[in-house]
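Residue numbers (the working numbering), protein chains in the order written: chain A, 56 to 418; chain B, 497 to 887; chain C, 299 to 583.
Among the clues, some could well be false.
[Unchecked claim] Distance ranges between label pairs, derived from CB positions:
| no. | chain 1 | residue 1 | chain 2 | residue 2 | range |
| --- | --- | --- | --- | --- | --- |
| 1 | C | A571 | A | E208 | 53 to 61 Å |
| 2 | B | E776 | A | R131 | 24 to 32 Å |
| 3 | A | K187 | C | T509 | 20 to 28 Å |
| 4 | C | F545 | B | G753 | 19 to 27 Å |
| 5 | C | L326 | B | L670 | 37 to 45 Å |
| 6 | C | F512 | A | K187 | 34 to 42 Å |
| 7 | C | A578 | A | E360 | 55 to 63 Å |
| 8 | A | P145 | B | G753 | 35 to 43 Å |
[As the list claims (entries may be wrong)] In silico lysine to any residue, SDA-like type, Cα no more than 20 Å apart, as pairs:
| no. | chain 1 | residue 1 | chain 2 | residue 2 |
| --- | --- | --- | --- | --- |
| 9 | B | K506 | A | L110 |
| 10 | B | K506 | C | L493 |
| 11 | B | K506 | C | A571 |
| 12 | A | K168 | C | L493 |
| 13 | B | K660 | B | G649 |
| 14 | B | K506 | A | F109 |
| 15 | A | K187 | C | P397 |
| 16 | B | K879 | C | Y418 |
Just so you know, the hints here were simulated from the structure itself, not pulled from any lab data. Ideal placement from N, C-alpha and C gives every residue a C-beta, glycine not left out.
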Amino acid sequence: MRGNDVVLSDVSMRFGDFTAVHPTDLTVREGEFFSILGPSGCGKTTILRMISGFLDPSSGGIAIGGVPMAGLGPNRRPTALIFQNLALFPLMTVWENVAFGLEARGVPIVERKRRASELLSLVALDDQGHKKPTELSGGQRQRVAVARALAVEPAVLLLDEPLSALDLKLRQHMRAELKDIQRRTGVTFIYITHDQGEALTMSDRIAVMNQGRVQQVGTGDEIYDRPATPFVATFVGEQNVFQGRVTATNDGQAVVDTAVGPLRGTSQGTLSIGDEALLFVRPERVSLMNGATASPDNRIDAEVERRDLEGSFVNLHLRAGNHPISVHLTNAGSGRDVVSGGQRVSFQADDAVVMRAGEFARE
Amino acid sequence: MSDLIRIYGKSLTTIFLGLTALWIVALIVVPQLRMIERAFVVDRYSDEAARVGVEINRSYTRVFTIDQELDRAAAGPTAPTAPSPFSPSPSSAKPSTPSAFATPSASSGGAVSTDPDRTATLKAEKAELQARIAELEVREKEVKAGGTGYALGNFTSMSAIHAKIFLSTLMYALCVTILAFLACYPVAYAVATSRSSERVALLMLGLVIPYAINELLRIFSWIMILEKHGVLNRLLDSLGLIDLAAGEGMRFVASNGAVFAVMVYAYILFMVFPIYNTIETLDRNQIEAARDLGASTWRIHWRVVLPHAKPGIAVGAVMTFMLSAGSIAAPEIVGRGLHPDWFSQVIYQRFFESNNWNQGSAYALVLLVACVVFVLGVMGLFKVGIRDIAK
Amino acid sequence: MTAETATPAAAVPAARPSSGRDWSDAILNVYLAVFFAYLFLPLLLMVAAAFNASPTPSATDWQGFTLEWFRQLPRDQRFVQGLGHSLLIATGVIVLAIPLGLSGALILTRLRSRSTTTLYTILVSPILTPGIVLGVTTMIFWRDTFGVEAGLFTATVAQATFIASYCMLMFMARLQRQDRVLEEAALDLGASPVLVFRRITLPFLMPTILTAAFISFLQSIENYNTTFFAIGSSWTLVTEIGSRMRFGLSPMVNAIGVLFVVLTVIAALIWAAARRRELARLAAG
């Protein structure tokens, strides 16, 4: 364990009969951009509020930098929270907002002003200090909230879906900006979101949660390529799903007998012959077998039903018997050809994941 | 609770809880309980205590006159000493003033003889009286020590007149409430559904000004109309119906009708604002939709506007009734102290004229219970909760 | 009026103008005129009598214009002292009612438990209690428990009992519009609870505190029924006016009335302007 790791040991939260968070172990390393990703009501905000001190866990304990946080109120923890609606103080000016944490620590006003203007220039808001928060744009307000939280020099910055109120363009811009601020300050970020795009673009590691349980913790690539559960597989990104029984296993791979024939993929967890299993393959890992680019592993004959132009890629909807198959092609080369009629598609066993049947993410 | 502590900390939370507790205990609940307690406390022997007290006073007065007579007999034909206006009796704090007895007997003492037989008789009588006084004073102490007990006497001893005043007060208050509703509903509706904001602002100003003007002044302005030489009598005079110069002015003030008329004027606007506030929240499209479906004006009000305005009507009714039933200003000022026919005045008399706080408490409790019953009745009738009533 | 209703009615097809509606509008307008005449004529008579030289207040028996009754006011010791008492009581009421009402409102809005309905009922009950009962209970309580005779103090306490309820309702309305996250954010930034209250909650409540103080002041100054019972042998401006009205009328009462009317009209105009601004702000935002 390093300096300011955040360690949750067997932490759970119950509200009456309802269990918001099942006993959970989680370690967030110092200096990491860590996201907790999940649908609304999955318990991610509850975890955040427990770390920040607004909720006391029903069981287990939280330690930051090895110091147990039990019994410490939110004002005594080395954390700073950025609220979903930012919670900027409307009656204070921007610089007063930024310097509020310092005011609470009894820092003299001259020093407060100096620190506030430093932080405001860190978030590129020089000369905006005298304004009221309501006079700023959405993105500017966002940056004030970040500056205000950083002013108290927290070991951990907690962010509760702070971008959800912004429009798409601004949201994408702010992703880069937050990541940049995190890299420059080196502060641990724990970022709560239901938006997989945000989690994948910014995070060093991601925890995917559902129904009060952490389903998987890993880097974006791990989550995307090696989902641990059907929920993770379907919640993050798009998937073609094939259902069936395992007919063979060897060498970390398994063959599933599906409606479109036997398909081979990489096993996730232990599988034995006869198990009810699911095979997932991403639409962009499926290719058309025109020419020599076709993969030899898994071949499916299907009819093209529709071609949707999405911009940088093309989404082909095919049907193999009754089973729909989705294929994403880059809008270049074969993707630019308008294809129709019968096609043979294929994908590599390395690109497919086979796991025991379980709950999907609801659309 | 933990929420409160988390945000405001232990010390501030304690202060908030302490202040609220203080408000509840010292200002609301315990004072009410003290009044209720007093309402049930009866001086069991108060009649006997009063009788004994009167007899003691009378005896002392007699002793006093005997002494004077004896003094004169001893001093011979000297001028009679001026009788003290105050009795030497230790029971002088009693309501019956001994001087009332002392004065006539002192004047009769002017024609006195110096007969020695008479002197002996007087001395014997004095001795007898002093023995009787000693006996009575012991009895008085006993009676007072026997003290008080809890009973319903303060309620059951309410005279028929007081009971009648109580009921008529409630009736008048109810009539004020109903009349205020009938008069105010169209006004509230007109203001709330007015389309031009200038018109709304003007109408609201026209309502707020008289509403905010002191209750006493609203009452007083009507006295100027109802007085003997007031506007109404002069109007009748100029119409030739009466002749003021010949002293034919009608005595409008100091009648229940006048109190009633003044109350309607004084409290009517407490009905307007609550109803206005509820009608204002009604989506005007509902009225248009009902009209479009062919509903008559009556039906629109009965089926759409009135049901929506229920909470406002309930608030207005409670406020108007409570103010009218409990008003001391209107009957006191209109009645000029001549016509104490309002229950609030009866309560006042119990406290400050009869000095019978226990019965006063009982009467105040009766009034309070009547108002609580009215509030509950209105809540039941209009199917609204306490949070709708007090907003 | 007809012009006003005709224009929007033409613009909105659903609002078909009909002769029946015109009729009911006309009747409503006549009724409004009568109603407002009923409200204002008596007040005008009272105001007029204040300037009448007639020694008994009268608006009909005109004996010439005078300001004499106004000149006499400051020379009347009981009025002047009564005003002093009124101001003293009103100050006391503000000092008591604001903290009490604020505490009650904070507890009621911040406690999420169901038991708050009972608490709420108790705390608003003084509004629904007849004023004279409040006066009586306060008088009895303080004399029986502490031997304090009715006077300025009991009048202050009796008034504060129900004025605090009005303050509480105002504070509750304001607090329900506050984003509670602001307080949490301040706490999260390391502020102590006291600092959170001083820097976040109080500034947010400040406009309501000022309004509540103003309303409490007016309610206290104007109160008659409760004060009449709780004041004992002392008096306020309003109870003094009341006893003058009962025993022998003097145009001085009308003169005071005029002052009250003028102050009320000014306050109402300020209120109307504030309301207009508020509405304009709502319409804009």
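We went through each hint and held it up to the structure:
| no. | hint | verdict |
| --- | --- | --- |
| 1 | A571/C / E208/A: 53 to 61 Å | violated, 48 Å |
| 2 | E776/B / R131/A: 24 to 32 Å | violated, 48 Å |
| 3 | K187/A / T509/C: 20 to 28 Å | holds, 22 Å |
| 4 | F545/C / G753/B: 19 to 27 Å | holds, 22 Å |
| 5 | L326/C / L670/B: 37 to 45 Å | violated, 27 Å |
| 6 | F512/C / K187/A: 34 to 42 Å | violated, 26 Å |
| 7 | A578/C / E360/A: 55 to 63 Å | holds, 57 Å |
| 8 | P145/A / G753/B: 35 to 43 Å | violated, 57 Å |
| 9 | K506/B / L110/A | holds, 17 Å |
| 10 | K506/B / L493/C | holds, 13 Å |
| 11 | K506/B / A571/C | violated, 42 Å |
| 12 | K168/A / L493/C | holds, 19 Å |
| 13 | K660/B / G649/B | holds, 18 Å |
| 14 | K506/B / F109/A | holds, 16 Å |
| 15 | K187/A / P397/C | violated, 30 Å |
| 16 | K879/B / Y418/C | holds, 18 Å |
Of the numbered hints listed earlier, those contradicted by the structure are 1, 2, 5, 6, 8, 11, 15.
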